[in-house]
Amino acid sequence: MKTITIAGVEINKVSIFELLFNKTMLFSYILLAIGVFGIYEVINERYFLLTANSLDAGLNPGSAEVANAFKEAIFGAGGEVKRESPWTLYISNYIYMIYTGSGIIFIVTLAELLNIDLLKKTAAGFLTFGLCMVFGGLFTIIFDLNTLHMHWMFLTPNVGAGMWLMLPLYMVYISFVLFEIYLLISENKEWIKKIALLILILGISIDIAEYYIQAKLFNMNTARHLWTTYPILPLYFIVSSFLAASGVMIAYSYVTYRDSFKEHFKQLLLLLKKITLFMIIVLGAYEAVSFLFIDKKWANVILFSGFAYEFYIYALLAIVIPFGFLIYRFFQERINNTLMIMTSLFIIVGTYIGRFIFVYGGNAYPMSDRFGKGFERYTEYDIAKDFIFFFPHMSEIYIVIGSVGVVIAAYKVLNTLFNVSKISNH
Amino acid sequence: MNYAMALEYQNCINCKACEVACKQENGVQLGADKQRIWVGQNEDFIFGNPTVNYYPSQCNHCIDAPCVSVCPTNASYFTEEGLVLTDKDKCILCKGCMEACPYDARFVDDKYVAVDKCTFCFDTRISMGETTTACQATCPTKVRLFGDLDDENGELVQLLKRKKFFVLKESEGTVPKLFYIFPDDEQFAINSIGQDTTIHTWDTFKPLIDEAIKRRDS
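Heads up: the protein sequence lines correspond to chains A and B, in order.
With this note's numbering applied, the first sequence has no gaps in its numbers, which climb one by one up to 551 at the end.
With this note's numbering applied, the second sequence has no gaps in its numbers, which climb one by one up to 220 at the end.
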């Protein structure tokens with residue numbers, strides 16, 4: 126394939142048709158189309174929902190729109206979110222995508238620092254896929270927010286808020302990871318070698334800062350004791366993200382390196398197997414210990430009540446079953462492809478459920494026991510709830526599906542242009 | 003100035019006049035879940051006798067309000083009058099403030115695509131010279147009393163000096179400013195207040211207010 130070189134980076138000369146119309150891209154378009162439908166629904170619901178206040182009837186007597194708005198107020202779904210459960214599937218998917226992507230980036234950067242050859246050779250591909258997962262997370266969150274007011278993030282920033290810190294964090298983080306990828310795929314080896322150590326140390330520092338800020342985002346919600354009593358929350362995010370990341374890395378390796386990295390593919394899988402097993406043990410130990418510290422009201426909801434099924438499914442899929450699969454003939458250093466693929470899929474699904482429980486679990490114990498005499502109901506037609514859960518809107522689910530399309534499309538485009546999955550010998 | 007409110011909640015008859023007045027006065031979005039103020043209810047059996055508690059509620063305008071510290075755009079802010087308000091134009095709908103509030107006092111106003119909450123009628127009445135909020139003015143049983151905590155001779159402080167009171171979820175450290183007056187009827191108090199609630203007098207609570215303001219301003 127013909128290439129052009131810009132700033133030391135070889136770029137494949139491909140036609141627009143080759144770039145945008147191939148099997149992978151077409152698959153991503155299907156997912157993106159579902160996402161776009163979700164976006165349409167969200168925009169319709171958010172900006173074009175008929176709403177009214179008491180003044181509208183007086184100001185617009187006889188208006189059919191006001192009449193319909195009244196009807197919506199009485200019989201409608203009550204808007205996008207309920208006051209008892211403001212953070213929903215958007216946040217679950219956002220933190221899954223972002224934290225898992227960051228986990229991949231963290232593991233690979235750490236491996237580079239520790240001079241682990243197998244991951245150094247495959248670093249550009251892993252980093253790019255991790256970064257694309259970050260894009261998928263940002264795609265999700267952007268449609269959760271009222272983007273028409275986003276300029277206030279720059280005009281009147283509250284620099285102490287975890288939510289605001291996400292903005293500079295990802296501006297720096299994404300730029301930095303792009304620079305790391307650039308260094309990996311660049312031909313200018315000499316000066317890269319000189320700054321490599323500094324870049325890696327900086328990379329690790331940014332990764333740690335990222336997890337700290339992500340934890341702050343949840344930790345500042347002082348009334349949601351699930352999030353405030355998780356012991357060393359940044360550590361939980363690091364541990365759980367590393368496990369999710371290792372699951373994704375196994376799947377990515379099968380798709381990308383099975384043929385192209387044939388001579389070392391088994392070694393790569395054995396390495397990922399060790400990393401995954403180690404992370405399963407650490408996460409399992411962490412979860413077992415953490416529930417000794419988590420506020421008993423929330424712990425009860427998760428372990429024995431509303432989220433019990435989901436929690437044990439999470440524990441089985443993310444920890445117990447993969448542990449069994451990986452420990453099976455572990456010391457024989459053999460790879461059973463079926464077990465590895467199943468391990469990867471179970472971890473990906475299991476850790477996703479874990480994120481879901483973490484976000485929804487934070488809201489699960491109602492805030493309505495304010496007088497210490499039991500849960501209150503807020504409206505005449507409501508019932509008092511001892512467990513808060515609202516099923517996500519279909520539009521959210523569509524956008525989550527769309528975010529997977531974003532990851533695949535972004536990765537495919539970058540890989541087609543820059544060949545990031547090529548085995549590097551730096 | 004440090005605006006606050008006392009509630010003689012034992013007087014509440016759940017007529018919902020306050021909810022209607024609030025919606026009318028402040029143009030709050032219609033809908034059962036869209037309430038700046040509401041009457042929380044719980045039902046219980048005590049020794050076989052059914053009891054119903056009515057808890058008139060709204061934003062506590064906490065001195066150490068977590069909703070303000072989590073807001074990324076300063077859309078939630080403290081006013082010089084000690085209120086916690088939201089600037090709907092700046093709200094990016096991250097819903098962080100809703101998560102941070104221990105009282106579920108905030109909701110999404112779909113009309114403005116922003117978070118909304120009680121303002122103590124600051125923009126619609128108080129800043130125009132009125133001395134009562136709409137909910138106070140309309141209440142047939144005089145549940146609410148709005149006033150200034152800095153005015154030692156004012157009706158509010160005088161009431162708090164005269165009566166015992168408690169605040170909600172004190173352990174959260176938010177230093178809320180809805181003061182629920184301890185009921186005169188002992189049985190009513192037993193039925194409606196949890197055992198962990200700390201009952202305050204003005205002398206025990208005033209230092210908490212001063213400390214919280216100092217902490218916030220430092």
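It should be emphasised that the hints constitute simulated quantities derived from the structure, not laboratory data.
Hints should not be assumed to be uniformly reliable.
What the hints assert, rightly or not - The calculated label-pair distances, taken between Cβ atoms and stated as ranges, are:
(1) B:THR200 / A:GLY183: 12 to 22 Å
(2) A:SER179 / B:ASN51: 30 to 40 Å
(3) A:ASP511 / B:ILE201: 35 to 45 Å
(4) A:LEU327 / B:LYS163: 57 to 67 Å
(5) B:ASN51 / A:PRO356: 52 to 62 Å
(6) A:ALA182 / B:LYS163: 52 to 62 Å
(7) B:THR81 / A:ALA182: 48 to 58 Å
(8) B:THR200 / A:LEU235: 30 to 40 Å
All figures in this text were calculated on a predicted structure; none of them were measured in a lab.
Think of the CB as a built atom: it goes at the ideal place given N, C-alpha and C, for glycine as much as any other residue.
Just tell me: holds or violated, for the beta carbon distance of THR200 of chain B and GLY183 of chain A against 12 to 22 Å?
violated (45 Å)
Using the beta carbons of SER179 of chain A and ASN51 of chain B, state whether their distance is inside 30 to 40 Å or not.
holds (39 Å)
Is the gap between the beta carbons of THR200 of chain B and LEU235 of chain A within 30 to 40 Å?
Roughly 49 Å apart at Cβ, these two residues miss the hinted range, so it is violated.
Go ahead and decide if the range 48 to 58 Å is satisfied by the Cβ distance of THR81 of chain B to ALA182 of chain A.
At roughly 31 Å between Cβ atoms, ALA182 of chain A and THR81 of chain B fall outside 48 to 58 Å, so the hint is violated.
Okay, ALA182 of chain A versus LYS163 of chain B on CB: inside 52 to 62 Å?
violated (44 Å)
Range first: 57 to 67 Å. Now tell me if the beta carbons of LEU327 of chain A and LYS163 of chain B are that far apart.
holds (59 Å)
Range agreement (Cβ of ILE201 of chain B with Cβ of ASP511 of chain A, hint 35 to 45 Å):
violated (26 Å)
If I claimed the Cβ atoms of ASN51 of chain B and PRO356 of chain A lie 52 to 62 Å apart, would that claim hold in this structure?
Given a distance of about 44 Å, which is not inside 52 to 62 Å, the answer is violated.
Comparing the model with each earlier hint shows violations of hints 1, 3, 5, 6, 7, 8; every other hint is respected.
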